[in-house]
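One-letter residues, chain by chain:
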Amino acid sequence: MAYLLQQILNGLGDAVIYASLGLALVLIYRTTNIANFAQGEMATFSAYLAWQATDLGIPLGWAVLIAMAVSVVIGVVAYLVIVRPVQYKDELTIIIVTLGLFLAFNSASGAIWGFLQKAMVSPFPDRLLVDAGGVRVSYELVGGILMLLLVAVGMFVLFQKTRIGMALRAAASNPVSAKLVGIPFIAMMAIGWGMAAALGALSGVLVAPRLTLDPNMMGIIIVYAFAAAVVGGLSSYRGAVVGGVVVGVSQAMSMAYLPWLGADLQIVVPLLLIVAVLIVKPEGLFGSTVVARV
Amino acid sequence: MKVLEISDLSAGYGRIPVLHGISLAVEEGSVAVLLGANGAGKTTTLRAISGMVKFTGSIKLDGRELGGNSPDQIARLGVAHGVEGRGTFTDLTVEENLKVGAFRRKDKAGILADIEQIYALFPRLRERYRQKAGSLSGGEQQMLSVGRALMLKPRVMLLDEPSLGLAPVIIDTLFEALRRINGELGTAMLIVEQNANLALQIADHAYVLETGSIVVSGPAAEVASQDSVRAAYLGN
Amino acid sequence: MNAKSIRKGITAHGQQPALQMAGYSKLAALFFTALLVAMAVGPLVLPPFWVYQFTGVMAFAIAALGLNLITGYVGLISLGHNAFFALGSYVAVLALTTLGTSYVAAALIAGLVSFCVGLLAGFPAQRLRGLYLALITLVLAVSVAPLIKHFKDYTGGAAGLLFDPPQPPSWFSLSGDAWVYYMVMAFAIAAFVLVRNFVGGSTGRALAAVREGPLAASSMGVNVDFHKVLIFGVGSMLAGVGGAMQAYMVGFIGPDSFTLMLSIGFLAAIVVGGLGTIWGALVAGLFLQFVPSFASDLGQALAGAVYGGILIACMFLMPNGIVGSLIGFARKRAEAQRGAVAGHRRA
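Residue numbers (my numbering), protein chains in the order written: chain A, 171 to 464; chain B, 28 to 263; chain C, 5 to 351.
Please note that the accuracy of each hint is not assured.
Stated by the list, open to error - Sample of chain B residues at the chain A side, in silico, Cβ under 10 Å:
hint	residue
1	77
2	98
3	99
4	100
5	102
6	107
7	113
8	115
9	116
10	117
11	126
12	130
13	172
14	178
15	242
16	243
No wet-lab data here; the hints were simulated from the structure.
C-beta atoms are modelled at their ideal positions from N, C-alpha and C, and glycine is treated no differently.
Bound conformation, chain A alone:
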């Protein structure tokens, strides 16, 4: 029983990462109707920014904030310069452009900081909070969950209680009407990308200490993040969080209870779950079949 609990907890640790990147994906999808394949690479780049700041002697907390702030700018610029010109073209064009961004950010990280791994210090103390009855809960896990909760609450407050949040929701709900009430539509979408970039930065900062920082760090994680987001049909925040838990926990479970699969196939198991979801209910477990975006 304790073993099972431990596996679930391990899974939750990964779930936090997938959920936070998944939230960023959902945010961009809701505001601009684009699936940003480059989100993970942008997050890696942000993690590098944070590392660079710490390398210059800036304390970690400030480094993270600086990285997030710079990421917002990067997100806005990436949207205005690269994405906006092709935003209303066909899906293939958009996917290709986001893949291009993927490659660009990936190589930018490598070009600036090299391909050797770097150690990134965790915001949380490397200790156990609970160590009882065979169950170990680390500060890192609790801290990660708290951070995710904070982000979720923050997003809720932003969207539901602020004027700009309402404008963002309006722009996502009905672009034409949003323009007709005077909402500066392009600015809203740029803000969406900026916010998502900041979310991605947070995700990157959580991942880096666990996986060590290198340009290909987020390579597989973006796939899991998409898997998580897809549970909500790409347009539900709750779905992304639930999806993250599903992916993370199922991964931990398959590692623990299906060892005969081997390390390689275990990577694939949570993905197969998601493929199953997509085939059975393409609009996601939390999504609706309504054509208009939720």
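Given chain A, put chains B and C in place with the hints provided.
Positioned in the frame of chain A, the structure of chains B and C alone reads:
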């Protein structure tokens, strides 16, 4: 004093021209009605005014040329456009729909007062103020659309087929409210309608659009009494 | 003959670049004949290094042609092309080493297996809209290396498989590389001819209809689902054959050759070559053979930057790719010369 003045307006979609040099005007505080069959170009006219469609010719709001501005700029100048099919923000609540209509305004107290006023006009909306707009009936959404347009404190309100798909009783309520809004608040309106009977009742001035050209124009009562108009649009 | 072909081509496919040679002027026909002759003569005059490189170009071109069918012509987004490329490679090598078949037979088996698996992959394509299909194929792309490593008893795992490349018979006086070159060239020509006939006829028109929109297609009596699955099969078959060809060329296959980067590379290559054009696949082959090594000469990081930059620049400046733009240019010239309404846009 003309709040909206359109001269020689031509517009279309791509290579297909829809409007061929039409002219019309809306006097301050008055209601003008644009009648015509499907495809005549009524919606295109409104879209040209609110900046959603490119045009040649002149569209002036309070003497100021609107051409070349983007829709959100034109909205800020005081043009409220209630599109065909309501265009409500289905994911926002009723009250949020009204609030977002006042997006460009800064006067918090004024906004709240205006919301009150709209609830007074449309009690149904007050009842449902926390409901998602998407769950409202067609008539309620139309009231919400009008209410949202009012929140802009517009110089002129453009309404595209407000009676479309609504039950007769609801339509009566709606047009009564429009009459009140025009009477008490003095809001100028340009209403596009296929339901000519109703529209002519609250209008001061009427235009008839046929395949992109204005064929009849004049005070509403005169237009209503013309035989050709009665035969084609009023069913007698 | 030219005018009639152009008119037929345009009214059949509307505005999009048609996968047929009919729209070309005599100049283009001359160019391609010259190209064919040059290809045939290549190994006689080029140093072995270049013979080897161009073999790679052709192998990639075959596979790229497959993706061009799926994504370029029908508009289904597949990020998983590397999986079928890998499948073809491994099936061919395994057929050689465990079944002892001839090289040609092994390649054909590889194609057949890829075709069947591709048909399976085509099934989700029926129900899913573009983005979700892209995501599923992304999962496929990422799963390839782990799957290869897992079944290491068959695939040699991470260490890969080493085998003998095809050896020329005694009457062949040129090098072994040249022999492989001609073998791949034969397959390449066969592939191009096959595809050309496939998309030139009524099947091709059906596919074009599917791309335009499923509703329009089914109203025209086209069985959309069948065609989507079919095209996945054919496209994957070509990828498999291409993979087999490349394996023959190198004499070694391993999981590191079949990463997600390869899939992205295929996509980039056909975009640059020209979506929905046959000859675009040849440009894609050139791209895939030469750009990665050129880029890695610049530095490991810059390889990605080059790919990424090319992708983005292409979508902005040349969305129809090199060949697509050439076709468009040639068509406009033909229209202008004729001055007639024959080339008018769709209503």
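Which numbered hints are broken by the structure, listed smallest first? Of the numbered hints given earlier, those the structure breaks are 15 and 16, listed in rising order.
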